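Chemist: Chains A and B, in that order, give the protein sequences.
According to numbering that gives the first Met the number 0, the first sequence holds residues 0 to 318 in order.
According to numbering that gives the first Met the number 0, the second sequence holds residues 0 to 485 in order.
Honestly, the hints are just simulated from the structure, not real lab data.
Be careful, since some hints might not be right.
Only some residues are given here: those of chain A computed to face chain B with a beta carbon under 10 Å [said to hold, decoys possible]:
#1 Leu1
#2 Met32
#3 Ser99
#4 Phe156
#5 Leu194
#6 Arg201
#7 Lys267
#8 Tyr307
#9 Gln313
Just so it is clear, the structure is predicted and the values come from calculations on it, not from any experiment.
C-beta atoms are modelled at their ideal positions from N, C-alpha and C, and glycine is treated no differently.
Residue strings, one per chain:
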Amino acid sequence: MLSRVADNLYWMSRYLERAENTTRVLEVNMNLMLDRSGTTDEGRWMRMVEALGRPAGVSWTGDALEMARSLTFDAEHRASVTHCISMARENARQVRDEISSEQWQRLNRLYHRVHSADSAQEFDSDISDFFSSTMDGIHLFKGVTDTTMSHGEGWHFIRLGRYLERAYFTATLIEVYHHDLLSAPLQDSDGHQYLELVGLLRCCTAFEAYCQVYTADLVPSQILEFLLFNRDFPHALRYSIDSLRSSITAIERQGNRSSPELNALAGKLYAALSYTTIEEVLSNDPAAYLHSIREQCVRIHDMVYGFYIHYPIQTALAV
Amino acid sequence: MAATRPSAFEQQLESYPLDHAYDEMCAPDGTLRPLYQDLMNVIANLPAAELQRLKQSADLSFLTQGITFTVYGQEEGTERIFPYDLVPRLVTGAEWKKIESGLAQRIQALNLFLHDVYNEGKILRDGIIPRELVFSCKHFRTQMIGLQVPRNVYISVVGSDLLRLNNGEFVVLEDNLRVPSGVSYMLTNRRVMKRIFPQLFQAYGVRPIEHYPQHLLATLRALAPEGRPEPNIVLLTPGVFNSAYFEHTYLARQMGIELVEGRDLVTHDNVVYMRTTSGLRRVDVIYRRVDDDFSDALAFRNDSVLGCAGLFNAYRAGNVTVTNAFGTGIADDKAIYAYVPSIIKYYLGEEPILNNVKTYLLSEKKERDYVLANLDKLVVKAVGESGGYGMLIGPQSTAQQRAEFAQCIQQNPRNYIAQPTLDFSRAPCLINDKLEPRHVDLRPYILFGDRVTIVPGGLTRVALERGSLVVNSSQGGGSKDTWVLE
Chain A
0 MLSRVADNLY WMSRYLERAE NTTRVLEVNM NLMLDRSGTT DEGRWMRMVE
50 ALGRPAGVSW TGDALEMARS LTFDAEHRAS VTHCISMARE NARQVRDEIS
100 SEQWQRLNRL YHRVHSADSA QEFDSDISDF FSSTMDGIHL FKGVTDTTMS
150 HGEGWHFIRL GRYLERAYFT ATLIEVYHHD LLSAPLQDSD GHQYLELVGL
200 LRCCTAFEAY CQVYTADLVP SQILEFLLFN RDFPHALRYS IDSLRSSITA
250 IERQGNRSSP ELNALAGKLY AALSYTTIEE VLSNDPAAYL HSIREQCVRI
300 HDMVYGFYIH YPIQTALAV
Chain B
0 MAATRPSAFE QQLESYPLDH AYDEMCAPDG TLRPLYQDLM NVIANLPAAE
50 LQRLKQSADL SFLTQGITFT VYGQEEGTER IFPYDLVPRL VTGAEWKKIE
100 SGLAQRIQAL NLFLHDVYNE GKILRDGIIP RELVFSCKHF RTQMIGLQVP
150 RNVYISVVGS DLLRLNNGEF VVLEDNLRVP SGVSYMLTNR RVMKRIFPQL
200 FQAYGVRPIE HYPQHLLATL RALAPEGRPE PNIVLLTPGV FNSAYFEHTY
250 LARQMGIELV EGRDLVTHDN VVYMRTTSGL RRVDVIYRRV DDDFSDALAF
300 RNDSVLGCAG LFNAYRAGNV TVTNAFGTGI ADDKAIYAYV PSIIKYYLGE
350 EPILNNVKTY LLSEKKERDY VLANLDKLVV KAVGESGGYG MLIGPQSTAQ
400 QRAEFAQCIQ QNPRNYIAQP TLDFSRAPCL INDKLEPRHV DLRPYILFGD
450 RVTIVPGGLT RVALERGSLV VNSSQGGGSK DTWVLE
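Here chain B stands alone, though its shape is the one from the complex (with noise of 0.2 Å):
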């Protein structure tokens, strides 16, 4: 394709900045990737005032939708919309591939090593990974020991982190095998972006979406008990107050089923019942999306009311359904991350087809004393943390930081890791009409049943700031809608 740039696009092309990380829409050499071409003739060509108004038709759709967050810390919590911003991210067919066929390799693997772990432990008994790394994991579930979970699917609902790195290539960097959220954006955006772009939409021939739910409850339905041909699904939510209730009730809707709290549900003779107006109704299967810790007062935190007491015992005799299943997090957690390479090696007898990021782990102390004396260049992780907390961002921090982090380091190392600062890849996103680069990461979400099914595309995380590496929307992160093409 010969690049015959708009001049509209050229004025705003010089001023688009390119530096060594890898820009999703320009080559290293400042021309535009020829997948970029048509979305930028139609974006640049657009006078501003029209993308004034497709913008404040976004916002609008999104706050009568009721998609909001709720920002706390303020007398009445205030609801806000998403950050979003109109230019797609384009992802190739055969990218797509690859990363598709890598995620189902690695979260079948990660699921062998939950299965082994709760069980027979033949990982840690053939030192492939350290007892203690496993055990002192703060996510560890001795309660899962020797429980056989349907299937044998512990992860049934996952969503892992991506980015790219500078030579194109995507890495996986970290995976969220808890209660994994930001799926329900990932929908919305392309609801609204079909509305806002219908004919470059159908020109770029996008791959479809819409139909995560329909998967995501055939995924709940093949993990029901036995004997239970018509399983009630119940979403359990821990309530109106939680940043992600919109996904929460959001889901319920798309998939039809109950939208539950830990108060509608009791338990007698371990099984788990729902209060209804028409009397007390069996539940066979719970979407989870409490933490482990609050989902029973009786198994696990005795000071919840999130979660159903009695929930876990029903939980073991197999009358419920739990997904994803507790003690999950080990499998994520950033420490045990370093060994997932070995795990897909060690259980599918393959190479990972998706890299990891080069991760010091901090209870070995030739690494610790490498990462001690170059913390200004590392980033450093809280091994359970998530959403963007308890991090040090090595040259953005202060001196007196890095002090304080190399002393919580030298106190509990197993409690960190670090990674060296990666220039992951940016994407051009309108800022005040203009296009300008920004850092993003791509999320994608993976299901888990009978099979494993994985719909094309993903949650792209915009952080907005610039220069920011940090995506979370807690941290001030926006989102785009990302086109995975034939």
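Okay, chain A solo, but in the shape it has when bound (with noise of 0.2 Å):
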């Protein structure tokens, strides 16, 4: 597979992912913000941009609504639902051929609806519908790319943008609220306390497979626990690593050529969320933990960008 195709795929299913997260999290605290609690609207809204990275441009103006329009729809931003959306689309245009034409109608019905002045229309009328039917645009998406394409090196290329993205915010999304989460006072007796909590984990699609595990009872220690390490959770950090790197595994035997040292990383990692427990993580620094795993999700980026995709010419000559 040429190179720039790889990269397209890749970029295609970040983008995607990304404009996923973002919808969810302004889903949540749009949501969150219609209670009254101690958080101030203004700290929640900064905790959230935190969340998705701290984008530029985005501060506090007082008016939360025309802030999520404007996080929505901006084309000019960068970080916007609609640029995700707009650059997930442009990536997929260059590789026509290399996705299924429903993948390719999927996308284009998306990238046409989040443009047209009907979406804007729902926003002000219905924001909630406007961002679940956004969610179910991406999910059908991602529902046809896994039964319509053949599962190949593009595919799984798609699917490591995909898990790198999602790794990626969860443990920014992890690491912005922890402070919060570790430092609340035990005894929640107005209720919201058990907000905040419940807003944590439906960033994540978290609340209900939470639940199975631990019942209702919102324990913060957890909750990291259950967002960290759950191998069976598909928004966990462990479930999320585990399988990028079965994608780079499958990349490799396709291609016949294998990178230690990214073999060495992504596995390094996937050991540490597997045989770390949270009592360790909690009694030691759980800031610098979760900083890490962010580092290390940034380094399997460019080790897979300098061994597929932008590799020096006598690096691969050398072969």
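Could you use the hints to bring the two separately framed chains together as a complex?
Modeler: Take a look at the structure:
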């Protein structure tokens, strides 16, 4: 497979995952702001922005709805949902032949929908309906990707992009929240803390899955444990890194070429998520631990690039 | 065959206007040509609603196959389908035979001409063609002088434009020897037509064209550098923003070869490689759909990012075949065109099978004076342009346009040629459920690897505006399927 094609598939997938994460975080937070609570709107907004990787140009203006609108529709805004979907489509368009017609049609439909005047109206009249139908569009795309595209190298690059973006997002989200989470009072008489915790879980679509494992008893350390170390939940870090690793292995098998450094890095990260206990994390420096996960994600991206996409000619000729 | 026409068609025929131009369907006396009898029986008897349905189903089929071209100038480039007409154009076996042999002769002669000009230059020495005409051509590439190309084939993929004059004769209007396009429309038109009129298609005994991609692949393979028995063949596209991008993806897919952009290629030690996820892979043959100028920033225009730096050196070293070769534009220059009959005689010792259109060279004083005095009757074209740009159609021009062209001609006579305004043939088209005649040309596609092959068919381009003579897709033209019969 051409490196350029792999690059386009990878970014198509990352942008779409990013659009989904942004949409969900916006939905959850707009919903939370309906309730009065100990956390101010500004505090909540800034924390959300932090979780989205602190995109440039987003500051608190006092009007949450207006800011949510800009973070959704502003095409100039590089973090906006619309921009991410446009970028995903642009990447897909360049490799129109490598993806199935169903994928292209789904993505195209999604693109035209978020760009239509109707969707701006829908945003005003029923904001949560708007967010959930946008997420539906993205989920449909992922569904047809898995059912209509052949699961070869290209599909694995799509999967790689998806899980790397997801792992990075989840790690950032936990890093941003963990302080509030761990320093919260044990007695939650007014129910505010409960709402915050549900919000965090819902940002990763994890509320129901968490309840199945730990019941609806929301305990901060258990939430951390679930989001970090759960083996079966698709938004948990361990699951994401496991999936990412299996795609790297599959790509290596296809191309008959492997990078020991990349394998070691992904393997180490996976081991750290598999064999560390939450007690160990909490008794040491949780912030540093979470931060190092993020750093390792960035290094994995760099190595994938350096090995498969933008490799120097000299190293490739030596092979 | 007795001309018993169905009554539904008689009505249509009454309102079908004829004039002095050759009509593909009707003889000058207004009777139907026997060839078109069966076709018209079917089409004239279809209710308007059914025709509409067929048309919509064809349009939808183009759209879902992604056979669109991009219209620029709007904020988000809109994708449109290439306008398409349901009535096929028919060509008899005898007519085709002449076209086929005429084109094969012409392409072989032009190829010999290119080889000669870039090597010994005998034709120039013998004074058949003025030296300055060749060297002043903007597509002349000094880099090609003395360079040996595989099998001495410079032009392996060609599309020549033919017109039919009012005496029924096919003539060549121009040759496209650089990067001719449109063959994907020929192939997809056929696919759609077979779906829409299956019985009719079968009854007519139309010769197949679907093997074009296979022939193209064989042609490219035949031109691979020596010692590369399993050549890696790629199609080089300028990228997704090119208006012919659909065609590039279509052909690459049909041939099962990789579609690459300049940024996918690197050269090292005069060998071209493409970047893949499993490392660099050597490239042996490049079917190039990027213009000369943009192919290699080191050898040609240095501001181009579409090509691959170092490509020309690898080509010169014989490590990669690039086709068509560079600098082939001198042989489809509109001023050289006037000499093609002499070129055929000079190299092959034969009379041209297909004639040229009468062409006035404006660098000759006598011809220039005649043209300047008769601008209102002639068509003037800039020699290096294509796609219907840089053209003056005398009878449809204003006095001011003529004055501007006259001035341009005086300043740079080498840059222009003139031809009589041609009454080229018209074919029936469905315009708002009614048959109306529209001007058409014919572009067959010629391949030249170890031999010349032409699939029986081509792209019939239609000037969809009433009375218009311009068939280019960039200027509001459409197309229809061409049925070459046994």
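Chemist: Please name the hints from earlier in the document that this structure breaks, with their numbers sorted from lowest to highest.
Modeler: Hint check: 2, 3, 5, 6 and 7 fail, others pass.
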